[in-house]
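If you're matching them up, the sequences are chains A and B in order. The opening residue of the first sequence carries number 35 in my numbering; numbering runs sequentially from there. The opening residue of the second sequence carries number 2 in my numbering; numbering runs sequentially from there.
Hints were generated in silico from the structure; no laboratory data involved. Predicted model, so just to flag it, every value in this text is computed and none were measured. Positions of the beta carbon are idealized from the N, C-alpha and C atoms, including for glycine. Any given hint could be a false lead.
Selected chain B positions facing chain A (in silico; Cβ < 8 angstroms) [stated by the list, open to error]:
#  : residue
1  : S64
2  : I82
3  : F84
4  : F86
5  : D88
6  : T90
7  : P93
8  : W94
9  : L107
10 : E108
11 : V131
12 : Y135
13 : P214
14 : R218
15 : R224
Using C-beta positions, here's what the derived DEER-type ranges look like [what the hints assert, rightly or not]:
#  : chain 1 : residue 1 : chain 2 : residue 2 : range
16 : B       : S140      : A       : F84       : 53 to 63 angstroms
17 : A       : L133      : B       : S64       : 39 to 49 angstroms
18 : B       : T61       : A       : L199      : 53 to 63 angstroms
19 : B       : G37       : A       : N182      : 22 to 32 angstroms
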Amino acid sequence: MRKRLIAIANALAVFGALLLLWQLILWIFHVQPFMLPSPWAVARAVVARFPSLMVSLAITAEESLGGLVASIVVGVLVALVFSQSRWVRTMLYPYTILLQTVPILAIAPLILMWVGAGTAAVTFIAFIISLAPIIANTTQGLVSVDENLVNLFLMHNASPAQMLLKLRLPHAVPSLFVGIRIASGIAVIGAITGELFAGSSRVGQGGLGYSILYASSQLETDYLFALVLASVVLGFSFFFVVMFLEWHFLHRWHESALPHEAD
Amino acid sequence: MSPAAAVPQIEFDAVVKSYGTGRLVLSGIDLAIAKGEFVTFIGPSGCGKSTVLKLISGLTPASSGSIRIDGMSPKNARETISFIFQDATLLPWRTVRDNVVLGLELEHTAAEKRKKTAAALLELVGLADVADAYPRELSGGMKMRASIARALATNPRLLLMDEPFAALDEMTRDRLNEELLRLRAEQGWTAVFVTHSVAEAVFLSTRIIVLKPNPGRIHAEFRVDLPFPRTAELHEAREFEDLVTQVTHSLREALKR
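Pulled out of the complex, with its shape left as it was, chain A reads as follows:
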């Protein structure tokens, strides 16, 4: 407990030092506020435009979460298909790599054309970008079951359904969480990037990415910083929620569950 307090205090000290450095740069180089606002101006922008900031945050959160949940559902289903045979895997696996390597910026206009501007398009982009790690990790978990465990189930004449529900799926849960952890980070990035293209169907109202674009075009640099801050908060929240769920489901039995007891 004491160690954790010290760790938090250290993190806050570093944060304070960074703010100080930021302010010093402004004083020493006389930077224009529209180039780099002061920490104080950013704080004021957060307070003054809190409601619209929250609206943007909520929109992006919804899109990221929608994309992430969709990628978990679809990713697990695809992994189940992949786990059926090595032949299916070798045939289809290259396409998941394609999914991972296709630059989202390049296909965003296409998606926009197909789905139309707005939250649906952005959710779809978040979904596409977070799908590959879910498929790859879950497949790995489903197929890496110890051969003797499979033999054990065979000895009891286990049905294919039992083999899946009582052996392969529970065995894949830790790997699935590895996938979700990676995907949760990039789902948020995907949503914000998506919004830069397909941000809003209504002018003046959109998620963080859309508002960032809008604020920069209006030279509202202090609000732009506030939006970046909100993006960071969103990314962190996703990460911590996933970490918590992982701990909640795995800590009783899995070796690699968060080593919280260790400190």
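Add chain B to chain A, keeping to what the hints say.
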């Protein structure tokens, strides 16, 4: 030689096993194991001793020859067979209790019966206190006890064991050997055991079959007539040491060619 007039529970008739296109693992195995025997297969690596267990359990088919278990094909006889693997192979996401009843659950036994069986078996193998613990909290010896309890839960007539105690320290291994014999005396299953340890083979078995490699075939057989119940003191008995010497010698011969 199996005991006179006993009906064989396991019969191998000219069994050959090869993997893939060529590699011959077992060639021409004839074998009869009677009900109630404790037969141990021992031999250098590559002699196919684990394959014998896989053939009996039907996990792998014979390439030629026939295998009958109680007159049935191995696959059909599965309900009467339990397999204990080298690793405890417990499901890490299940508690010890839920691991023990896994077989019953897969065979759709009623919950009430499962509960009773679990309680009785955990008591029997000395794990009642850790019934609700997860496998990662157990020592190697305790995991293996849980694995034994799981194998016995389905009330098998035949128990197959593939080097179950190989990864344990000697003290734990000796204790589990004694307990295994106690459980056998109480429940009367037939056992087919595979090990690297001559002392373990002599201590447990009524019969030892030495295999030689490339391809695997039977090199020699030893009857072990030491009386039951056997306890750890047996290790110091003259007859025990003599048998260990004989089997060790035979193993060395098997390696020569």
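Now the hints, each set against the structure:
no.: 1; hint: S64; verdict: violated, 19 angstroms
no.: 2; hint: I82; verdict: holds, 7 angstroms
no.: 3; hint: F84; verdict: holds, 5 angstroms
no.: 4; hint: F86; verdict: holds, 4 angstroms
no.: 5; hint: D88; verdict: holds, 7 angstroms
no.: 6; hint: T90; verdict: holds, 5 angstroms
no.: 7; hint: P93; verdict: holds, 5 angstroms
no.: 8; hint: W94; verdict: holds, 5 angstroms
no.: 9; hint: L107; verdict: holds, 4 angstroms
no.: 10; hint: E108; verdict: holds, 6 angstroms
no.: 11; hint: V131; verdict: violated, 14 angstroms
no.: 12; hint: Y135; verdict: holds, 4 angstroms
no.: 13; hint: P214; verdict: violated, 22 angstroms
no.: 14; hint: R218; verdict: violated, 25 angstroms
no.: 15; hint: R224; verdict: violated, 30 angstroms
no.: 16; hint: S140/B with F84/A: 53 to 63 angstroms; verdict: holds, 57 angstroms
no.: 17; hint: L133/A with S64/B: 39 to 49 angstroms; verdict: holds, 44 angstroms
no.: 18; hint: T61/B with L199/A: 53 to 63 angstroms; verdict: violated, 26 angstroms
no.: 19; hint: G37/B with N182/A: 22 to 32 angstroms; verdict: holds, 27 angstroms
This entry does not satisfy hints 1, 11, 13, 14, 15, 18, going by the numbered hints stated previously.
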